[in-house]
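Novice: Protein chains in written order, with our numbering: chain A, 1 to 436; chain B, 1001 to 1214; chain C, 2001 to 2231.
Simulated from the structure, these hints should not be mistaken for lab results.
Certain hints may be false.
[What the hints assert, rightly or not] In silico DSS-like pairs for lysine-lysine, Cα to Cα no more than 27 angstroms straight-line:
| hint | chain 1 | residue 1 | chain 2 | residue 2 |
| --- | --- | --- | --- | --- |
| 1 | B | Lys1188 | C | Lys2190 |
| 2 | A | Lys322 | A | Lys277 |
| 3 | C | Lys2168 | B | Lys1112 |
| 4 | A | Lys277 | C | Lys2135 |
| 5 | A | Lys212 | A | Lys341 |
| 6 | C | Lys2121 | C | Lys2168 |
| 7 | A | Lys226 | B | Lys1066 |
| 8 | A | Lys277 | C | Lys2022 |
| 9 | A | Lys341 | A | Lys356 |
| 10 | C | Lys2151 | C | Lys2135 |
| 11 | C | Lys2168 | B | Lys1188 |
| 12 | A | Lys322 | C | Lys2151 |
| 13 | C | Lys2135 | A | Lys410 |
| 14 | A | Lys410 | C | Lys2022 |
| 15 | C | Lys2168 | C | Lys2151 |
| 16 | A | Lys212 | B | Lys1112 |
The structure displayed is predicted, hence computed values, not measured ones.
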Amino acid sequence: MGTKRTLEVELSTTGLSPDGKPQRVPLVVGGDGGAVALEAPPAMEPEFEGEHMLINIGPQHPATHGVLRLVLELDGETVVRCIPHVGYLHCGFEKIGEYRQYNQIVPWTDREDYLNSIGNNCAFALGAERIFGIEITERCKVLRVIAMELSRIASHLVWLGTTCIDIGAFTPFLWSFQERENIYNLLEGWVGARLTTSATRVGGMAADIPDKWLEGLQGFIRTFPKTIDECERMLTKNAIWVGRTVGLGVMSPVEAVNYGLSGPMVRASGVAYDVRKDFPYLDYETYDFDVPVGSAGDVYDRFLVRVEEMRQSIRILDQAVKRLPDGPVNVDDVRIILPPKSKATSEMESMIHHFKNVMEGPRPPAGECYVAVESPKGEKGYYMVSDGTSKPSRWRIRPPSFVNLSAIPKMVEGHLLSDVIAINASIDIVMGEIDR
Amino acid sequence: MGLSDADLAGHGAATELVRFDARPGEAWVTTKLDFLVNWGRANSLWPMPFGTACCAIEMMASFASKYDLARFGMERMAFSPRQSDVLICAGRVPYKLAPIIRRIWQQMTQPKWSISMGACASTGGMFDNYAVVQGIDTIIPVDVYVPGCPPRPEGLIYGIMMLQKKIMNERNAQQGIRDEMSPDPTSKLYIPASRIDELSEPFGNSVHQTRSAP
Amino acid sequence: MSPSFTIVHPGTGSNATPVTPKNVPVSGGPVSPTAEAVGAQFPGVISRTVVSRGETTIIVDGARVHDVILWLHDDAQQSYDYLSDVTAVEHRDLSLPLEVVWHLRSLRYRRFIRVKVLIAKGAPLEVPSVMDIYKGADWLERECYDMFGVKFAGHPDLRRILMWEQYKEGFPLRKDFPLRGRFSRSEQLKNALAANPEARYSMEELSIADAFEELPLDMRRRLSEGEKVGE
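The shape of chain A in the complex, shown without the other chains (with noise of 0.2 angstroms):
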């Protein structure tokens, strides 16, 4: 079950001397701050003898990101059996996007996956564009581009901090929620909301950039690195840090694929498996970037995964400030697209344009697509079907954290109970999505 893995490790940390210089001061008294070598230890087998006990955790617990409920079956400290609950956040989305048309269901696509917005928006529109049968612009590519991998960006740095807040680090969560206000300053200049974006639209966006908004992600761009070798700095060598992670949750690559796990589940399991590089979108096939893939597929390589996976979403920002395009953001199709508000209130045509868009609504062909964009948690797809109304018969949500959830008992099989907590936040759960 463990893994024997040999890291090199620091067991000394950032501080001060007594002359107030930044030094290097050990963890252990006696240690000489020099790496060392730590063997992760193998995990426990179960003894099935004596009293097993009954622990449950949530469905309001702080360590469940959200309203998890776990029942665990311990024998002393060590999980003989995990049943998790889930559904305590159900809302009804499918059944409510029947109700919409395409472009209200942007909105709830928002509050799903919510430390992901607008990367939902643009991957539902993705989809109802597949439905629809048009092809966005090119200026709009890149735009979603930009999007959605700012919305990685944030939708990490939420999993890094409240996953340091777990396993007992507190700075990473004030510094990781310092960058998410640039993002969220950034998103809104752009769209006029900080998390819940609703960014875009059919056949194109809400809005189009504001000016020199692009000096402000320029800027994001340069700085954020910076947090990331902070962040790094004081976690990937940490001892502490190193020695609750190792070997904890291990997944085989066969494992993660037989169980359905996406995104940095699986990719720290060995398996180099990326929407936006098998079956790409947006043109991610242009871009240039690399997946990061774990070997150990244990916490320790989910947590190295997003850091890096975050600093290969820097590249692409990069790539797709350098390349945007000038030119309109929305598609000329006057069947889905709406007149400028300017116009719908001045002229009786667009008013009436405006109003027949509104109230009926674009009814795009019969059919059915599924969408799959790689999000923050892995292979989100919305699978739609179109009856011809211009309210979709079924919506569906391919929820990434929810598969990646069911596979957690046998996660946390013959682990303690204290690790339960980081395996079960190295998951990068958000109840929104899974319950949907």
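Go by the hints and put chains B and C onto chain A.
Specialist: Quick look at chains B and C alone, frame taken from chain A:
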């Protein structure tokens, strides 16, 4: 108590309510007990963050570096209901979660207050469907509603300041102010069923919102 | 750092570089070679092959869908090792059959196929479970059961997952289920609050820990009288 109504109405009138009397060698502060107690309570609210959805992320942003709720005496996040003063319900509450939030509210000790953060917690918001409770005030009493979907951290902070104002106005001798809610033993509802149906009515012209096709 | 696993790269089975699909036709277009292969392996099992938005759908016989998916998973030329999704579709036109949908991916060949089973009106909503092939099907099938009432024969633990077990109103995603539910709001709230959060272990959970004997008397009595607890 011997206090006039004018005294009791004076929230925020700290200069009038606290009188310093310093003499050589000794110092006196005279104030009203209500003011002192309320002042202490209002400025050391320990929140019980009941975060479920998007609002919880904005709540986390409020607790983080930029907005720093610790400035309001909310230094300590009490994840245990028994050691907390104010329940911040951030996010939508589906029916499956209704008994949980009720139980957490009952576990909290008096004095306690609650903030309903965001449109979904306050009214059900955009989720007018089979799964979501149409406002948590049908389950527990609510002191402050914070509008927004989700509210910005500034909105939450404003709501907290409103709550502080409300606490400053409390009269601790008033009958019933610290009474626990007593839900009906069979139905577990604490307000009449007809009132719940009325509160949960859809608002506005939502005919188009509930028509599936075309 | 010594790698424990060999890195698996998708797409080793094909030389084609994946590209973003452009100008996807609304219907029609190239049919996935998998459809033909399935037709050759299982004659007569495919009742229809549809291409919609560039994606191939094979509509297969419900009794043999397990065999088809098992073969798609095991055959080296197909290697559909990744189950994306299991769900169901009910159409607004209630005379149309209910569809159960499997979305499969082959990572080695970078292919995608949709397998469908139609369940005619009035026929029992039951299809075979694929959980013995894909472990990931566990929760997806439970969710499909919860939302549509489709039973997956062979699933070891087919319970409601999103709604609680005593949920009385039916299957929410069925078209005859009203958006706001069947009961009035106060009734819904009453039903929800009736669940005791502290007694919400299932009998299965209690028995694994031998905890039943240690429960308070009234709870033991209620459980032995057949009261269902748990989700």
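Novice: Compare the structure with each hint and give your call.
Specialist: Against the structure, the hints come out as follows:
1. B/Lys1188 with C/Lys2190: 7 angstroms, holds
2. A/Lys322 with A/Lys277: 21 angstroms, holds
3. C/Lys2168 with B/Lys1112: 34 angstroms, violated
4. A/Lys277 with C/Lys2135: Within the cut-off at roughly 25 angstroms; holds.
5. A/Lys212 with A/Lys341: 23 angstroms, holds
6. C/Lys2121 with C/Lys2168: 23 angstroms, holds
7. A/Lys226 with B/Lys1066: 19 angstroms, holds
8. A/Lys277 with C/Lys2022: Within the cut-off at roughly 16 angstroms; holds.
9. A/Lys341 with A/Lys356: 14 angstroms, holds
10. C/Lys2151 with C/Lys2135: Since the Cα atoms of C/Lys2151 and C/Lys2135 sit roughly 17 angstroms apart, the hinted pair holds (cutoff 27 angstroms).
11. C/Lys2168 with B/Lys1188: 18 angstroms, holds
12. A/Lys322 with C/Lys2151: 52 angstroms, violated
13. C/Lys2135 with A/Lys410: Holds. C/Lys2135 to A/Lys410 sits at ~10 angstroms (cutoff 27 angstroms).
14. A/Lys410 with C/Lys2022: Judged against 27 angstroms, a Cα distance of about 40 angstroms means the pair is violated.
15. C/Lys2168 with C/Lys2151: 17 angstroms, holds
16. A/Lys212 with B/Lys1112: At roughly 48 angstroms apart (the allowed maximum being 27 angstroms), B/Lys1112 and A/Lys212 break the hint.
Hints 3, 12, 14, 16, counting from the list given before, are not met by this structure.
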